[in-house]
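Undergrad: As a plain string of letters, each chain reads:
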Amino acid sequence: MEINEEEEIRRLLESQYIDVLPPQRLKVSIMRTIEFINTFKELCFLYTKGTLYLLGQWKTEGGES
Amino acid sequence: MLPENNFFLTLASTFITDLISTMPEKDSSDKDLIFSFQKTRSNKIFEVIYDRYSSFVYRKCLLMTDSETDAQDLTQEIWIKVYFALDTFRFESKFSTWLSRITINRRINHLKRIGKLAFSEGIEESENGSLPNINNCLDVTKLLSRLSIETKALLTLKYVDGLSYEEIADITGIGISAVKMRIARAKKELIRYSTGTNSKNL
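From first to last, the protein sequence lines are chains A and B. For the first sequence, the working numbering gives the first residue as 1, with consecutive numbering after it. For the second sequence, the working numbering gives the first residue as 1001, with consecutive numbering after it.
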């Protein structure tokens, strides 16, 4: 009985949007945002690396400047 | 035996075969896809994962927000979080379970942040002191739109996401007894509506 009730409520709630799909432009927007964040992170890394290099503080994994 | 000048061709062919074998196909298992993504950080693989689970996430966001714009904002936020957190996925649970957990937390945080969700310990009541009369509702959408967004969020967490009362109390920050009471009242109304509709249809 309890299980049937739970199933009925779940069905009622989900029935509103059962055939709804996310718009294609949402995927494009998500992928663009991810690419933007990745590019921004890369630029920040390069900027930090460049600054530290100019200051003579950049060290490779081996410990050499 | 291959001639010597074919050595590089053989090497290239082996490399390409290896590369193709590590590229998952659309019908690959979640585990293969995620493992490949963790190795390569390929956006193409992420798109396959997105295509597989985008509806799952989007529908849950729609259920909570009742607004396409909010649901799309929220879906975008969730998938960006998934992209950068996928490296930390250790295959200790199913991917869908892990994704569900992220989706639930993000949904609640997003709704709280934009001020659409403000849980309180009290039981919400309409002006005349009872829950909204939903017997006259014509369809499910109208019926559910009469419930407050908080009550709908609680019902979604309980019956669609399958969380326990303790987990819901933990996520929403309200007491277990308040959660139980609000869900029980909303459930009673929904069942009454559902039974009424079914009997009318017979």
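Worth flagging that the hints you see were computed from the coordinates, not collected in a lab. Careful: at least some of the hints might be erroneous.
Okay, derived cross-link-like pairs now, DSS-like style, lysine-lysine, Cα gap no bigger than 25 angstroms in a straight line [what the hints assert, rightly or not]: (1) B:K1044 / B:K1112; (2) B:K1112 / B:K1039; (3) B:K1152 / B:K1187; (4) B:K1112 / A:K41; (5) B:K1112 / B:K1180; (6) B:K1044 / B:K1031; (7) B:K1112 / B:K1081; (8) A:K27 / B:K1180; (9) A:K27 / B:K1039; (10) A:K27 / B:K1094; (11) B:K1112 / B:K1187; (12) B:K1094 / B:K1044; (13) B:K1031 / B:K1112; (14) B:K1081 / B:K1094; (15) B:K1039 / A:K41; (16) B:K1112 / B:K1152; (17) B:K1081 / B:K1044; (18) B:K1188 / A:K27; (19) B:K1094 / B:K1188; (20) A:K41 / A:K27; (21) B:K1180 / B:K1152; (22) B:K1180 / A:K41; (23) B:K1152 / B:K1188; (24) A:K27 / B:K1081.
Footprint (simulated), chain B over chain A, 3 or more residues, beta carbon under 8 angstroms [unchecked claim]: (25) 5-15; (26) 40-54.
Owing to the predicted nature of the structure, the values given are computational and were not obtained by experimental measurement. Quick reminder that beta carbons are idealized off the backbone N, C-alpha and C, glycines included.
Undergrad: All the hints need checking, so say for each whether the structure fits it.
TA: Comparing the hints with the structure gives:
1. Annotation: proposed proximity of K1044 of chain B to K1112 of chain B is violated, straight-line Cα distance about 33 angstroms (limit 25 angstroms).
2. Using a Cα cut-off of 25 angstroms, the hinted pair K1112 of chain B and K1039 of chain B is violated, with the two alpha carbons roughly 36 angstroms apart.
3. For the hint pairing K1152 of chain B with K1187 of chain B, the CA-to-CA distance comes to about 10 angstroms; that is within 25 angstroms, so the pair holds.
4. About 29 angstroms separates the Cα atoms of K1112 of chain B and K41 of chain A, which puts this hinted pair outside 25 angstroms; it is violated.
5. The suggested pairing of K1112 of chain B with K1180 of chain B holds, with an alpha-carbon distance near 21 angstroms, which does not exceed 25 angstroms.
6. A distance of roughly 16 angstroms separates the Cα atoms of K1044 of chain B and K1031 of chain B; the hinted pair therefore holds under the 25 angstroms criterion.
7. Between K1112 of chain B and K1081 of chain B the alpha-carbon distance is near 18 angstroms, which keeps this suggested pair within the 25 angstroms criterion.
8. Among the hinted pairs, K27 of chain A with K1180 of chain B is inconsistent with the structure: their alpha-carbon atoms are about 37 angstroms apart, more than 25 angstroms.
9. In summary, the hint linking K27 of chain A to K1039 of chain B is supported, as the alpha carbons are separated by about 22 angstroms, within the 25 angstroms threshold.
10. Only pairs whose Cα atoms come within 25 angstroms are accepted, and K27 of chain A paired with K1094 of chain B is accepted, the gap being roughly 23 angstroms.
11. In summary, the hint linking K1112 of chain B to K1187 of chain B is supported, as the alpha carbons are separated by about 23 angstroms, within the 25 angstroms threshold.
12. With a CA separation close to 21 angstroms, the supplied pair K1094 of chain B and K1044 of chain B stays within the 25 angstroms bound.
13. A C-alpha spacing of about 33 angstroms is found between K1031 of chain B and K1112 of chain B, which places the hinted pair above 25 angstroms, so the restraint is violated.
14. Straight-line distance between C-alpha atoms of K1081 of chain B and K1094 of chain B comes to about 18 angstroms, which keeps the hinted pair within the 25 angstroms bound.
15. Only pairs whose Cα atoms come within 25 angstroms are accepted, and K1039 of chain B paired with K41 of chain A is accepted, the gap being roughly 19 angstroms.
16. At roughly 14 angstroms between alpha-carbon atoms, K1112 of chain B and K1152 of chain B fall within 25 angstroms of each other, so this suggested pair holds.
17. For the hint pairing K1081 of chain B with K1044 of chain B, the CA-to-CA distance comes to about 17 angstroms; that is within 25 angstroms, so the pair holds.
18. Simply put, K1188 of chain B and K27 of chain A have alpha-carbon atoms about 39 angstroms apart, too far for the 25 angstroms limit, and the pair is violated.
19. At roughly 33 angstroms between alpha-carbon atoms, K1094 of chain B and K1188 of chain B are farther apart than 25 angstroms, so this suggested pair is violated.
20. For the proposed pair K41 of chain A and K27 of chain A, the alpha carbon gap of about 21 angstroms is at most 25 angstroms, so the pair holds.
21. A C-alpha spacing of about 13 angstroms is found between K1180 of chain B and K1152 of chain B, which places the hinted pair at or below 25 angstroms, so the restraint holds.
22. For the hint pairing K1180 of chain B with K41 of chain A, the CA-to-CA distance comes to about 45 angstroms; that exceeds 25 angstroms, so the pair is violated.
23. Pair hint K1152 of chain B plus K1188 of chain B holds up; C-alpha atoms about 13 angstroms apart against a cutoff of 25 angstroms.
24. At roughly 14 angstroms between alpha-carbon atoms, K27 of chain A and K1081 of chain B fall within 25 angstroms of each other, so this suggested pair holds.
25. With 9 residues having a beta carbon nearer than 8 angstroms to a beta carbon of chain B, the stretch 5-15 of chain A meets the requirement of three or more and the stated coverage holds.
26. By the rule of at least three residues with a Cβ nearer than 8 angstroms to a Cβ of chain B, the coverage given for the stretch 40-54 of chain A is violated, with 0 such residues.
Hints 1, 2, 4, 8, 13, 18, 19, 22, 26 from the earlier list are contradicted by this structure; the remaining hints agree with it.
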